[in-house]
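Participant: These are the residues of each chain, in order.
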Amino acid sequence: MSTILRTKDLTKKYGSKVVVDNLNIEIEEGEVFGLLGPNGAGKSTTMNMICDIVRPTLGSVEFYGKDFKKNRKELLSKLGYIPQDLAIHGRLKAWENVELFTSLYGIKGAELKKRIDESLEYVGLTEKKNDYAKTFSGGMKRRLNIACALGHHPSLLIFDEPTVGIDAQSRNFIMEKIKESNRNGATVIYTSHYMEEVEAICTRIAIMDNGKIIAIGTVEELKKMVVEDTSKITLEEVFLTLTGKKLRDY
Amino acid sequence: MIRYLIKNNFKIISRNAINILVLTLAPIIVSAVLISAFSAMMEKYEEVGAFKVGYSCNHDDITDQYIDGLKSVAEGQGISFVEYEGTNAEEAVADYKLAGFVEFGKDSYTVYKTDENTAEGQILEYLLHAYYENMSLAISEQLMAAGSENVAENNAKDETIGSKMKVETADFIPAVDSTDYYGIIYMIYFSWCCIVCGAGLFTAEKKYGIEKRQMVSGISDFKEYLSKFIPMVLMACGGLAIYGVLSIALLDVHWGNIALSALLVVLGIMAATALGLMVYAICDNMVVTVIIVFMLVWVWGFVGGSFETYIFSSTSETLKNLSPIYYENRALVELSCMGESDYVIKSIICSSTITAVCSGIAVLAGAIRRKGGKK
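From first to last, the protein sequence lines stand for chains A and B. Okay, so the first sequence: first residue is 3 according to my numbering, each after it adds one. Okay, so the second sequence: first residue is 81 according to my numbering, each after it adds one.
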């Protein structure tokens, strides 16, 4: 497998506060990479720097071996970002939302129509394509949120807590679709506070705290950092052991 | 493809009922109320017939010349100027039953008005102001044209100035009624408030993180700007076009040259949209943007004739000239009641300049804000 994404000494400071501190991670093509951390650990800022939403104070991001700054337009077209917020317009119909975000990548005409239908079918919203997004349930909005990031066929999908506030069925549907996308060749970066989700789908996990990676590896490797017998411990217990039980009031 | 973004942004804006309220119903209601409220005042102005005004002056070549020109213009408007040499102004007004009196100094004049003849007094003031304004303009043009020619030549040219005034200022008093005035003025006023069109779109983009998603697509700052600017202008034009039709059908407003008036309104809307987008790009907060833009529009409207008619307003010409709304108001009102206006070109230049400058700043400010990594 080749490295699809690499961060080099990635740092973000807001004033004197260091939010992300010299982050060096490599993500291999075809893996599902989990990024865990308590609130304020720097996960979202890291994601935002990878997506070029926030400019790093120091360091750089390489994507397919190319510097992000120098090949911005080309590299962004290979990236699908599914934000934690429901980044869809309530006053647009489902197909119009997908059209709006897919067309930003230069797709037009018959090809655009095809991609809209594909994306909506992928998330099971074909029958609701003519309904306004504001009439959707939380789960349907989450699925539409995902559909809006798939139309341009990205090779790297970034999911920022995609299952917040939805029922078990919708969550299960989304997890299955992430696995399916990965089977179809997409590399996935995934953040969530639901440890069982991360444990179920991620091939490798990094745990962040105070802007730094404090542990990285497969689920088994992370568990072995805490106890020898990995069957006696859950990922959540590993997480709490590594990051502590103190409340994080950010 | 930016056209899909423009199309969908337009759908978002047009599906917001508040826009119809602000751009169509509000101007109809406000102008209907003001037309009714001020009809008596404007009728009084319209009903004023011929009247007599006294004056005194220090006779010299230049003063005699411009007073001759002024008397000729005033005659065309039914105002007779009669000289009362060495008489006290107040006594002359009382003794000879004059509607007003003017004392011409070397480089100034003083107007005396009476409580019984308020409308006549305002017409007199307006006439004098318009006459002097045009005379100054003509003298400036003459001096500029003269270039490095000698003083003797300039003095010779001054003789032509007086005769030129007679032609240029003869039609200068617009006889507009409250229906046309307020019907027109409030389309302009609300067109400058069109930033509210985009409020729903901007709020949703910020609240739901949609702008982040657009940034991830790599869309350029200029395209991003156009994707807001064009739908907002289209929406405002659509809403105010409905108002325009309703103003004719329901309020009986006369627009004069409709094509030219429509062009001025569209350019005004573009300027207002660019201004709103610039303020938003700088302060990054829709509530603050609306407050700043509305305050600015209120001040511009206040000095530009939106509340008090610019015809009767005592606001100085310098202040009026600082208001883009004034140029638009005056051009449209004069197009309505005279069919032509010297302010058309001024209004076009003013609106186009605001659009270009504000658009440039908005794109630049948006780019700086994004690249600064504040989000």
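Hints are computed from structural coordinates only; laboratory data are not their basis. The model shown is predicted, which means the values in this text are computed figures rather than measured ones. Glycine is no exception: its CB is placed at the ideal position from the N, C-alpha and C atoms. Honestly, I wouldn't trust all of these hints.
To be verified - Okay, the calculated beta carbon distance ranges per label pair:
no.: 1; chain 1: A; residue 1: Lys116; chain 2: B; residue 2: Asp422; range: 55 to 61 Å
no.: 2; chain 1: B; residue 1: Val367; chain 2: A; residue 2: Lys68; range: 53 to 59 Å
no.: 3; chain 1: B; residue 1: Ala117; chain 2: A; residue 2: Lys19; range: 53 to 59 Å
no.: 4; chain 1: A; residue 1: Gly17; chain 2: B; residue 2: Ile429; range: 40 to 46 Å
no.: 5; chain 1: A; residue 1: Lys71; chain 2: B; residue 2: Ile429; range: 53 to 59 Å
no.: 6; chain 1: B; residue 1: Ile425; chain 2: A; residue 2: Arg8; range: 34 to 40 Å
no.: 7; chain 1: B; residue 1: Ile429; chain 2: A; residue 2: Lys75; range: 46 to 52 Å
no.: 8; chain 1: A; residue 1: Arg74; chain 2: B; residue 2: Lys287; range: 22 to 28 Å
no.: 9; chain 1: A; residue 1: Gly17; chain 2: B; residue 2: Cys363; range: 48 to 54 Å
no.: 10; chain 1: B; residue 1: Ala321; chain 2: A; residue 2: Lys75; range: 35 to 41 Å
no.: 11; chain 1: A; residue 1: Glu120; chain 2: B; residue 2: Arg83; range: 17 to 23 Å
no.: 12; chain 1: B; residue 1: Leu330; chain 2: A; residue 2: Lys19; range: 57 to 63 Å
To be verified - Straight-line alpha carbon distances no greater than 27 Å define the calculated DSSO-like cross-link-like pairs of lysine-lysine that follow:
no.: 13; chain 1: A; residue 1: Lys75; chain 2: B; residue 2: Lys286
no.: 14; chain 1: A; residue 1: Lys75; chain 2: A; residue 2: Lys19
no.: 15; chain 1: B; residue 1: Lys151; chain 2: A; residue 2: Lys136
no.: 16; chain 1: A; residue 1: Lys10; chain 2: A; residue 2: Lys214
no.: 17; chain 1: A; residue 1: Lys71; chain 2: B; residue 2: Lys87
no.: 18; chain 1: B; residue 1: Lys400; chain 2: A; residue 2: Lys95
no.: 19; chain 1: A; residue 1: Lys15; chain 2: A; residue 2: Lys68
no.: 20; chain 1: B; residue 1: Lys151; chain 2: A; residue 2: Lys110
no.: 21; chain 1: A; residue 1: Lys71; chain 2: A; residue 2: Lys15
no.: 22; chain 1: B; residue 1: Lys303; chain 2: A; residue 2: Lys19
no.: 23; chain 1: A; residue 1: Lys116; chain 2: A; residue 2: Lys131
no.: 24; chain 1: A; residue 1: Lys75; chain 2: B; residue 2: Lys193
no.: 25; chain 1: A; residue 1: Lys95; chain 2: A; residue 2: Lys80
no.: 26; chain 1: A; residue 1: Lys95; chain 2: A; residue 2: Lys15
no.: 27; chain 1: A; residue 1: Lys95; chain 2: B; residue 2: Lys186
no.: 28; chain 1: B; residue 1: Lys292; chain 2: A; residue 2: Lys72
no.: 29; chain 1: B; residue 1: Lys186; chain 2: A; residue 2: Lys136
no.: 30; chain 1: A; residue 1: Lys75; chain 2: B; residue 2: Lys132
no.: 31; chain 1: A; residue 1: Lys131; chain 2: B; residue 2: Lys292
no.: 32; chain 1: A; residue 1: Lys75; chain 2: A; residue 2: Lys116
no.: 33; chain 1: A; residue 1: Lys80; chain 2: B; residue 2: Lys193
no.: 34; chain 1: B; residue 1: Lys286; chain 2: B; residue 2: Lys303
Said to hold, decoys possible - Partial chain B-side listing against chain A, Cβ under 7 Å, derived:
no.: 35; residue: Asn88
no.: 36; residue: Ala106
no.: 37; residue: Val110
no.: 38; residue: Lys286
no.: 39; residue: Gly289
no.: 40; residue: Ile290
Participant: Now, for every hint given, state plainly whether the structure supports it.
Facilitator: Against the structure, the hints come out as follows:
1. A:Lys116 to B:Asp422: 55 to 61 Å: holds, 57 Å
2. B:Val367 to A:Lys68: 53 to 59 Å: Since B:Val367 and A:Lys68 have Cβ atoms about 41 Å apart, the given range 53 to 59 Å is violated.
3. B:Ala117 to A:Lys19: 53 to 59 Å: Distance hint for B:Ala117, A:Lys19 holds at roughly 58 Å.
4. A:Gly17 to B:Ile429: 40 to 46 Å: For B:Ile429 against A:Gly17, whose Cβ atoms are near 45 Å apart, the range 40 to 46 Å holds.
5. A:Lys71 to B:Ile429: 53 to 59 Å: Violated, since A:Lys71 and B:Ile429 (Cβ atoms, about 41 Å apart) do not stay within the stated range.
6. B:Ile425 to A:Arg8: 34 to 40 Å: Violated, at about 60 Å.
7. B:Ile429 to A:Lys75: 46 to 52 Å: Once the Cβ atoms are compared, 38 Å apart, the range 46 to 52 Å for A:Lys75 and B:Ile429 is violated.
8. A:Arg74 to B:Lys287: 22 to 28 Å: holds, 26 Å
9. A:Gly17 to B:Cys363: 48 to 54 Å: Because 21 Å falls outside the window, the suggested range is violated.
10. B:Ala321 to A:Lys75: 35 to 41 Å: Given a distance of about 38 Å, which is inside 35 to 41 Å, the answer is holds.
11. A:Glu120 to B:Arg83: 17 to 23 Å: Holds, at about 21 Å.
12. B:Leu330 to A:Lys19: 57 to 63 Å: holds, 60 Å
13. A:Lys75 to B:Lys286: It holds: about 23 Å lies between the C-alpha atoms, which stays within 27 Å.
14. A:Lys75 to A:Lys19: Between A:Lys75 and A:Lys19 the Cα gap is close to 30 Å, so the pair fails against 27 Å, i.e. violated.
15. B:Lys151 to A:Lys136: Violated, because 69 Å separates the two Cα atoms, which is more than 27 Å.
16. A:Lys10 to A:Lys214: holds, 13 Å
17. A:Lys71 to B:Lys87: It is violated: about 30 Å lies between the C-alpha atoms, which goes past 27 Å.
18. B:Lys400 to A:Lys95: violated, 47 Å
19. A:Lys15 to A:Lys68: Distance ~24 Å between A:Lys15 and A:Lys68 Cα, so the pair holds.
20. B:Lys151 to A:Lys110: violated, 69 Å
21. A:Lys71 to A:Lys15: Holds, because 19 Å separates the two Cα atoms, which is no more than 27 Å.
22. B:Lys303 to A:Lys19: violated, 34 Å
23. A:Lys116 to A:Lys131: holds, 13 Å
24. A:Lys75 to B:Lys193: violated, 71 Å
25. A:Lys95 to A:Lys80: holds, 26 Å
26. A:Lys95 to A:Lys15: violated, 39 Å
27. A:Lys95 to B:Lys186: violated, 72 Å
28. B:Lys292 to A:Lys72: holds, 20 Å
29. B:Lys186 to A:Lys136: violated, 72 Å
30. A:Lys75 to B:Lys132: violated, 76 Å
31. A:Lys131 to B:Lys292: Judged against 27 Å, a Cα distance of about 24 Å means the pair holds.
32. A:Lys75 to A:Lys116: holds, 23 Å
33. A:Lys80 to B:Lys193: Outside the cut-off at roughly 77 Å; violated.
34. B:Lys286 to B:Lys303: Distance ~18 Å between B:Lys286 and B:Lys303 Cα, so the pair holds.
35. Asn88: OK, holds: B:Asn88 within 7 Å of chain A, min 4 Å.
36. Ala106: It is violated, given that the least Cβ distance between B:Ala106 and chain A is near 21 Å, above 7 Å.
37. Val110: Where the cut-off is 7 Å and the nearest Cβ of chain A is about 27 Å from B:Val110, the hint is violated.
38. Lys286: violated, 10 Å
39. Gly289: Status holds, d = 4 Å.
40. Ile290: Cβ of B:Ile290 sits 5 Å from chain A, so the hint holds.
In summary, the numbered hints that this structure violates are 2, 5, 6, 7, 9, 14, 15, 17, 18, 20, 22, 24, 26, 27, 29, 30, 33, 36, 37, 38.
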